[in-house]
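J.: Sequence:
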Amino acid sequence: MIVVVPVDPPWDGLALPSLVETTPLTESEASLLSEAATADVLRAAAASGGDVLVNYRDEGTLPDDVDVGEEPEDAIRDLAADALEGLEEVRFERQVGSTRSARIGNTVTHLLEREEVGTVGVLEPTASLVGRSDIDGAAMGLRRHDVVLGPSSGGRVSFAGFTDTIDFAEAYATPALSTLARRTRAAGLDLGFAPVIPSVATESGLCATVATLEAHEIAGRPGGEATAAAIEELGLAVGEDGRLERR
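Numbering (the working numbering), first residue to last: 51 to 297.
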């Protein structure tokens, strides 16, 4: 399976905008958290049995109001280099398309139809709790199903795996999980599911991630080290009301 990780440059004003709007996090803090989550996802993908493809946004697909301080590809390569021991086994390809659905659809369709790979899995860079076994399990699921979806926070997906194409036009429209499921059924394909993994892109998902990482630390269970370090640096905790707060 080719594991596609669609990555935005971790720049202020671009990274995790929902958190900036709804939580105490500033733009720079959201960038730090985004970079950490992406690092954890890349490490899990590299440790899995799949081949990693980092699908990055270039200047042509970034919003006009984003301050581009350096080449997006350079920023993404630097992020990946810091996360991984080496980049020899990592492939980098720019995203093509005017919307997120189009960009992901173009990548998946190209890999399945042009390169004739057997399976493609799109792994969200915000699913920082994902582990190697989760990715390998999803790959196994694609031996039994045409499409495998991993539910995430707020109706999102943490993973979407394909052995065949669907109609990707607005396929990631909210809620992506049910939208992708409907597109799978419309294409006459069989649908399976991967485990639920929260997304740090939403307050509820970040709170679930914070609590899970704390529980994992108590149990001595590894995983999500970069995200855990960022959460500690930012002093984040889950309050009694279930909202994100500072320690």
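Worth flagging that the hints you see were computed from the coordinates, not collected in a lab.
Careful, some of the hints might be misleading.
What follows is a set of in silico ranges between Cβ atoms, one per label pair, in the way DEER data are often shown [unchecked claim]:
1) G289 to I268: 33 to 43 Å
2) P245 to G147: 42 to 52 Å
3) D108 to A269: 40 to 50 Å
4) M190 to E77: 33 to 43 Å
No residue lacks a Cβ here, since even glycine has one placed at the ideal position from N, Cα and C.
J.: Now look at each hint and say whether the structure bears it out.
T.: Status of each hint after checking the structure:
no.	hint	result
1	G289 to I268: 33 to 43 Å	19 Å, violated
2	P245 to G147: 42 to 52 Å	28 Å, violated
3	D108 to A269: 40 to 50 Å	41 Å, holds
4	M190 to E77: 33 to 43 Å	39 Å, holds
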